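Enquirer: Place chain R on chain B using the hints.
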Amino acid sequence: MAMIPFLPTLTGAPGAWILLALKAVAAMGFMTVANAVILYAC
Amino acid sequence: MPAEKRGGFGYWRDPIFLIGLAIYVINRTLIKPNLHHYSPLFHGHLNDTMTVPVALPIYLFVYRRIGFRPDDEPPRWWEVVLHVVVWMVFFEWFGPVVLHQGVSDPIDDWCIAGGGLVAWALWQRGRLMRCINEFLLRCHDR
Numbered sequence: 001m002a003m004i005p006f007l008p009t010l011t012g013a014p015g016a017w018i019l020l021a022l023k024a025v026a027a028m029g030f031m032t033v034a035n036a037v038i039l040y041a042c
Numbered sequence: 001m002p003a004e005k006r007g008g009f010g011y012w013r014d015p016i017f018l019i020g021l022a023i024y025v026i027n028r029t030l031i032k033p034n035l036h037h038y039s040p041l042f043h044g045h046l047n048d049t050m051t052v053p054v055a056l057p058i059y060l061f062v063y064r065r066i067g068f069r070p071d072d073e074p075p076r077w078w079e080v081v082l083h084v085v086v087w088m089v090f091f092e093w094f095g096p097v098v099l100h101q102g103v104s105d106p107i108d109d110w111c112i113a114g115g116g117l118v119a120w121a122l123w124q125r126g127r128l129m130r131c132i133n134e135f136l137l138r139c140h141d142r
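Read top to bottom, the protein sequences are chains B and R. Position 12, counted from 1, in the first sequence is what this note's numbering calls 12; the numbers after and before it change by one each time, with no gaps. Position 32, counted from 1, in the second sequence is what this note's numbering calls 32; the numbers after and before it change by one each time, with no gaps.
I should point out that these hints are in silico values taken from the structure, not numbers from a laboratory. Please note: incorrect hints may appear among the correct ones.
Stated by the list, open to error - In silico DMTMM-like pairs for lysine to aspartate or glutamate, Cα to Cα no more than 25 Å straight-line:
1. B:Lys23 - R:Asp72
2. R:Lys32 - R:Asp109
3. B:Lys23 - R:Glu73
4. B:Lys23 - R:Asp71
5. R:Lys32 - R:Glu92
6. R:Lys32 - R:Asp105
7. B:Lys23 - R:Glu79
The structure displayed is predicted, hence computed values, not measured ones.
Chain R on its own, in the form it takes in the complex:
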C-alpha cells in the first residue's frame, strides 16, 4: 500500500457501507423469503439501490491495496460515476445479452445511479456542508 495516508475513509468499516450491507442482508435473508407475492421493491430495486454503497468501498479498498488509489479520501464523484457507468453496462447489457444472466430493466439503472448519488452525498457531506456554508455566507455578505 502506498505511504500516503491522506483521508479517513474506512472502506469496509465505513458506516454507510455497513448500513447498506445490513439492509442488503436483511432484505435477502428475512424479507424476500417471507414475501408471498412478487414485490418490485424488495425483489429487485432495493438491491440495485445498494450497489454503490455496498460494492464501491470494497472495490476502492482493493484498488488501494494494489496501489492504484493513492489515498484514503472518501469516494470522489468521478469514482462513483465511473463505476455506475461500468455497472450499468455490465448488469443491464453484458449480463442479460451476452451471458444470459439477469434481466435488463431501465429502472435498475435509475436505482443504481440514485443509490450512488445519495451515497456520494453522504460520503462527501462534510465538504458539501462547507460549500453550502461558504455560499450562504457569501450571499449574506452581499
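The following block holds chain B by itself, in its conformation from the complex:
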C-alpha cells in the first residue's frame, strides 16, 4: 500500500476504517467549500 499510504490494512480494526471515513468526509467538506470560494472569488 505504498502508493496509498493512508489506507489501513484490510485486517485492521474497524475503528481505523471509521476514523478514515470521518477524515474523508471532513476532507471532502473542505474541498467543496474551497472549490466554491475559488469559483466565486477568483
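Expert: This is chain R only, laid out in the frame that chain B set:
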C-alpha cells in the same frame, strides 16, 4: 496532526506555491486591470494554469491538519490527478451548468492539467532526476 514527519514539503512555504501565488496576484492586481483589450492568456488561461501550484498545497495542508494525509511528502501523482479531475468537473461543468457561475471552456481543462503536470514535475524533480540518472547509468553499463 499525525506524528509521522516523513517528507519535507513546505505547503504554504513551498517555493513553487509562492511563485505561483505571486504570478496570480501580479496578474490580478497589476496586469488585468491595465489591459485595454481582452487577452485570453491574462484574463483566463494564466489563472487556470496556476490552479494546481497555488491551490493544491493549501488543500494538502488542510488534509494534513485533519490527519487524512499521513506525511509531508511532496504531492504525489495521484493526489495531483485526483484534484485535477475534481476541479475540471467542478469548474467546467458544475459551476457553469448547475451554479450558473463561470464559463465552460475546454482549453481551461488543458491549462489546469498542464499546470498540474509542470507543478508535479517540479515537486518531484529530485525523484525524477534520480530515475533519469539510474536509467542513463543502466544504458551506459550495457
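Enquirer: Look at each hint and say if it fits the structure.
Expert: Comparing the hints with the structure gives:
1. B:Lys23 - R:Asp72: Between lysine 23 of chain B and aspartate 72 of chain R the Cα gap is close to 17 Å, so the pair holds against 25 Å.
2. R:Lys32 - R:Asp109: holds, 21 Å
3. B:Lys23 - R:Glu73: Given that 25 Å is the threshold and the Cα spacing comes to 19 Å, the pair holds.
4. B:Lys23 - R:Asp71: This hinted pair holds, its Cα atoms lying about 15 Å apart.
5. R:Lys32 - R:Glu92: Since the Cα atoms of lysine 32 of chain R and glutamate 92 of chain R sit roughly 22 Å apart, the hinted pair holds (cutoff 25 Å).
6. R:Lys32 - R:Asp105: holds, 19 Å
7. B:Lys23 - R:Glu79: holds, 16 Å
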